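Asker: Using the sequences and the accompanying hints, generate a full structural model.
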Amino acid sequence: MSLLCETASLSRRRLLGLSGSLVASAFIPKFARAADGRDPRFIAIILRGAMDGLSAVAPVGDPTYAALHGDLALATSGENAGLPLDSFFSLNPAMTNFARLFGKGQAAVIHATATGYRDRSHFDGQDVLESGYAGPGKTDSGWLNRAIAALPAGQRIAPPGNGLAVGAIAPLVIRGPAETLGWAPANLPKPGDDLTRRLLDLYTHTDPKLAELLRAGVDTQKLASGAMAGMDNSDHPNDMVLQARGAARLMATDDGPRIAAMAFDGWDTHENEGGAKGRLFNLLTGLDGALAEFEKTLGAAWGQTAIVVMTEFGRTAQVNGTVGTDHGTGTLAFLAGGAIKGGRVIADWPGLKPANLYQNRDLNPTTDLRAVLKGLLADQFGLSAQRLEKDIFPDSGSAKPMQGLIRT
Amino acid sequence: MSLPPEAVNAATALRRFGLGPRFDLGEADQAAIAADARSYLKTQLKPQAALLHGEGLEDSKANLIAAFEEQQQKKMLRDQAAQMPAAAAAPMQSMEMAGQPQPEKPMPVQRDVLLTEVQARYQKAFDDQSGLIERLVWFWSNHFAISIAKGTLSTITAGSFEREAIRPHVLGRFADMLKAVEQHPTMLFFLDNRDSIGPNSKAGQRRQKGLNENLAREIMELHTLGVNGGYTQADVTALARIITGWTFAGLNNTNFDPGIFVFNPNTHEPGASKVLGKAYAQQGQAQGEAVLADLARHPATAQHIAFKFARHFVADAPPPGLVDKLAASFRSSDGDLLALTQTLLDDDGAWATPAAKLRTPQEFLLAASRALNLPPDRPQPLIRALNELGQPLWKPAGPNGFGDTAQDWASPEGMKVRLSYASLMASQSKLATNPGDLAASLFGASLSQDTRQTVSRAESKPQGLALLLMSPEFQRR
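Residue numbers (the numbering used here), protein chains in the order written: chain A, 1 to 408; chain B, 1 to 477.
Think of the hints as simulated: they come from the structure by calculation, not from any bench.
Computed from a prediction, not measured in an experiment: that's the story for all the values here.
Any given hint might turn out to be false.
What the hints assert, rightly or not - In silico EDC-like pairs for lysine to aspartate or glutamate, Cα to Cα no more than 20 angstroms straight-line:
| # | chain 1 | residue 1 | chain 2 | residue 2 |
| --- | --- | --- | --- | --- |
| 1 | B | LYS325 | B | ASP347 |
| 2 | A | LYS277 | A | ASP71 |
| 3 | B | LYS46 | B | ASP176 |
| 4 | B | LYS416 | A | GLU212 |
| 5 | B | LYS179 | B | GLU164 |
| 6 | A | LYS209 | B | ASP316 |
| 7 | B | LYS209 | B | ASP195 |
| 8 | B | LYS46 | B | ASP36 |
| 9 | B | LYS461 | A | ASP201 |
| 10 | B | LYS416 | A | ASP201 |
| 11 | A | LYS209 | B | GLU413 |
| 12 | A | LYS296 | A | ASP255 |
| 13 | A | LYS400 | A | ASP368 |
| 14 | A | LYS277 | A | ASP326 |
| 15 | B | LYS124 | B | ASP112 |
| 16 | B | LYS42 | B | GLU27 |
| 17 | A | LYS209 | B | ASP408 |
| 18 | B | LYS61 | B | ASP195 |
| 19 | A | LYS209 | B | ASP450 |
| 20 | A | LYS138 | A | ASP395 |
| 21 | A | LYS209 | B | ASP404 |
| 22 | A | LYS277 | A | GLU79 |
Answerer: Now the structure itself:
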C-alpha cells in the first residue's frame, strides 16, 4: 500500500466494471468455433482526428501526387523515401513493422476508402465510423458491440469474456447492450459519475465556487470525450504501445476476451504534419509499435488475429497554408494479423487529378469501409450478410461484404 | 452554527499551518491541540527539525561531480564514435535496423539522484507531526525557486540545494538564507551568474563575454526588495557587476575545487559600485556579501516578505494589520525567521480569517496521503501526480515560483484532476476505519453537517473517502 501505487503487471483487479463476475465465474467459457476449431481474435483500432491516408501510404506512382502533397509527400528515393509496398504505393517510413508483416503476407492496406459519411465534422464522422449507422446521432451503441451480441450460438463467448474496451472511456464502437470488460493503462481511473454528482451536490450546499469549477471541469471533460476528441495534440507513441500490450496480455489468456477496441488520439494534423519525419511520422511510429506489440504478446493467438485500423475520414489531397492538411474524405484502413490474407494494397484507385478528387479537394473514396468491416466479421466469426446488414451496419446494402480478406 | 473557538483552532492549526492530521493522530495530540493549538504548534518550531539527512542523500558537491563525470564520459564516447571509421560503424547500424535488441540505457545519474531526493522530501512530510516545518520549507523553497528544467546541474542538485540553502535557515536568519542561496551553485547556474563576467576583469578583457544581469535582477525583484521595492536598472547593473566572479568550477580546473561556490577574481569586475545610493568599495567576494546583507535588512524586503508570508498562510488578501505586524517583527529582529513564524502564530487574525485558500496540489496530495495512510513509497507516481495537477516539483514556469493564491489553483481542469486523484487514492487506501468515523476524527467539531452526511451516505467506502478528500474542509485551508 502506498501513495498512488501502480500495479505494474496486469491483474484482474485492474479490470474495471465487471471484474468481480469475471473472477468469480467458475465455468470455462466455450471459445473455439465449433465448426472448425478456430479461436479467432478481432481488434478494432480507431484513429481519432482523421489520419492523412496519402502520407501514411503514399501513391508515389500517381503523377499528380508529389505536387499536390508538397512538402509532406513521400518519395521513391532520397531522404523522403517511403517503404515500397508495390510499384505504386509506398508506406510511411515510420511503419517498419507493418512493412515486415506486409512482406510476409500478414498485413494489407485498403486505400481510397471511407464510411458513408460525407461531411467533415470529427464528432459526426467518428459517430458514423463507430456506430456503423449511415448517419450520425442514430444510436448509442457501436457496431462491434452489436456484432458481439450477434455472434452465432457456437461462437458466442459467455459474457463478460468476449469484449474488451481499452481506455478510461470505452470507445463508442464497443459500447452497447453486450457486456464488455474495461481496462485502462492509465493510472487515473475515471471518477464515477455518481461520485461526481454527489460531490457537486455537496459543493452546491457548501462551496458555490468549487461547485462552479467542478461543473465546468466535468463539462469540459464530456466535451473532450465527444466533440473535441482528436482535436488535441496528445500524440504519445508509447501510450499506444502500452494500450496494445495490456490488451494483448488479456487476449492471449485462455479465458480472456477475444474482441477488443481502442482509440488513439491526435491525428488531426492541420499544421506541420511532416512526412518522412515529424508529427504524423511519430504517430505512425506509435501505431506501428502497437501492432508489433500485438504480434509479440498475442504469441500463438496472433495466427488467428485480425486487426483493423480505421479513422473517421481523410484529409485534403493538397497541402494547406500551414504545412498540414485539412479535413477531407477518402483515406485508408490498415489490416494486420496472422488471419489477414495480406501482402496487398487493395484499392480501386480513383486518381488525384482535380476532376478525380471528391469535390475537387479530397481523395475520392471508391471502397465503402463498411464492406471491409463486414467482410472481416463475416469471415472471422461466421456472421451472415443478412445479420451484418440488419443489426450491425444498418442501411449498408450497397456495401457487400468484401471477400477474401481472411485466410481460410 | 457557531463553533467553540477551540474546535475551530484545532482544525485550523493543522490545515492552515500544517499538512493536515495524520490518520493515526493520537489522543494525546488531539488533547494537546484542543487545549492550546497555538502552543502545540510553537513547540514544534525547532530549527533541527527542518534539517533533512538520510541514506543516499549526497551534498551538492558530490552531486555536481557525479554530473560532471557523466558528462565527461558521454563526451568521451561521442568523440570515440566520431573517430571510428565509417566501415566499422556501419555493421552496428544495420544491426539496429534489423531490430537487434540494444543494450538498455542506464538511468542518467541526475534522474537517480532526483528520485532519491523526492522520496526523502515527501517521506519527511508524511512523517511530520503537524507538517508546519515542511510548510515553512516549501514556502521558502518556492520563494527562492529554482527549476530542474534549466538542465542537468539544477536537476541533480535541486534536492541538495533545498537541504543546504533553505532548510538550515527556515527558523534562522533571513540574511543567512539569502547568502546561502545566492552563493549556491544551483542558483548560480539557474540564474546564469556562473557565466557572468565583469567587462573590465582580466577575463573580460581577454574574451568577448560580459555581464549577465539575471541573478542580480531576481535578487532584488524576487528575493529581497520586491518589484516595487524602489530599485532602478542602474542598481541591477551595479549588483550584477558586484557579484561577477561568484561561480563554481567543473572538473579539471587548476584553480578551484569542483562543485562548490568559489569567488573567481579573474572574472570579477574591479572597483567600487553604488547600489541604492550607497557605495560599496570592498574588495572581492566581500563586496557582494555587503550588498546582500543590506538588502536583507532593507525595509522594502521586510514588507515584501511579510506580505508573501501572510498571503501564503492566511489569505490571498491578508489582513493589513497582520502584514504590518510581520514586517515590524522582521525589521526589529533583523530578519529572524523563528520570530516571524511566532508572530504569525500569535496573531488572532491569522486564526480567525475564514479558510478560503485552496490547498496547492502538493499540499493536497500530502494531506491526503497522511489522512489515508498512503506513504509515498515510490517517487515516480508522486512526480507524475504533481505534474498532472499543475505543480511539477522544482519546476515552476519561472524564477518567481508557483502562484500562491486560490486563483492560481482553482480551475475546472484542476478540480477534475483532483477528483481523479482523490478517487484513485481512496481506492488504494486500506484503512479499516469507515469514512464517516475518519472524517469525524480528522476534523472533529469543525466538520460541517453537509460533509458529514455526504461522506457517511456514500455508496461505498472508496466513494466516501474520495468525497472526504474532495470536501471543502479538506480542499480549503
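Asker: Give a verdict on every hint.
Answerer: Outcome of the hint check:
1. B:LYS325 to B:ASP347: holds (9 angstroms)
2. A:LYS277 to A:ASP71: Distance of about 11 angstroms is within 20 angstroms: holds.
3. B:LYS46 to B:ASP176: Holds: LYS46 of chain B and ASP176 of chain B sit about 17 angstroms apart, inside 20 angstroms.
4. B:LYS416 to A:GLU212: holds (12 angstroms)
5. B:LYS179 to B:GLU164: holds (12 angstroms)
6. A:LYS209 to B:ASP316: With Cα atoms ~15 angstroms apart, LYS209 of chain A and ASP316 of chain B stay inside 20 angstroms; holds.
7. B:LYS209 to B:ASP195: Within the cut-off at roughly 8 angstroms; holds.
8. B:LYS46 to B:ASP36: holds (18 angstroms)
9. B:LYS461 to A:ASP201: holds (18 angstroms)
10. B:LYS416 to A:ASP201: Cα-Cα ~15 angstroms, so holds.
11. A:LYS209 to B:GLU413: Holds - the C-alpha atoms of GLU413 of chain B and LYS209 of chain A are around 14 angstroms apart, at most 20 angstroms.
12. A:LYS296 to A:ASP255: holds (19 angstroms)
13. A:LYS400 to A:ASP368: holds (9 angstroms)
14. A:LYS277 to A:ASP326: holds (19 angstroms)
15. B:LYS124 to B:ASP112: holds (19 angstroms)
16. B:LYS42 to B:GLU27: With a Cα-Cα distance of about 19 angstroms, the restraint between LYS42 of chain B and GLU27 of chain B holds, given a limit of 20 angstroms.
17. A:LYS209 to B:ASP408: holds (14 angstroms)
18. B:LYS61 to B:ASP195: holds (19 angstroms)
19. A:LYS209 to B:ASP450: OK: LYS209 of chain A and ASP450 of chain B at ~16 angstroms, within 20 angstroms.
20. A:LYS138 to A:ASP395: Measuring from Cα to Cα gives roughly 12 angstroms; hence the hint holds.
21. A:LYS209 to B:ASP404: Holds - the C-alpha atoms of ASP404 of chain B and LYS209 of chain A are around 18 angstroms apart, at most 20 angstroms.
22. A:LYS277 to A:GLU79: Measuring from Cα to Cα gives roughly 10 angstroms; hence the hint holds.
Checked against the numbered hints listed earlier, the structure breaks none of them; every hint is satisfied.
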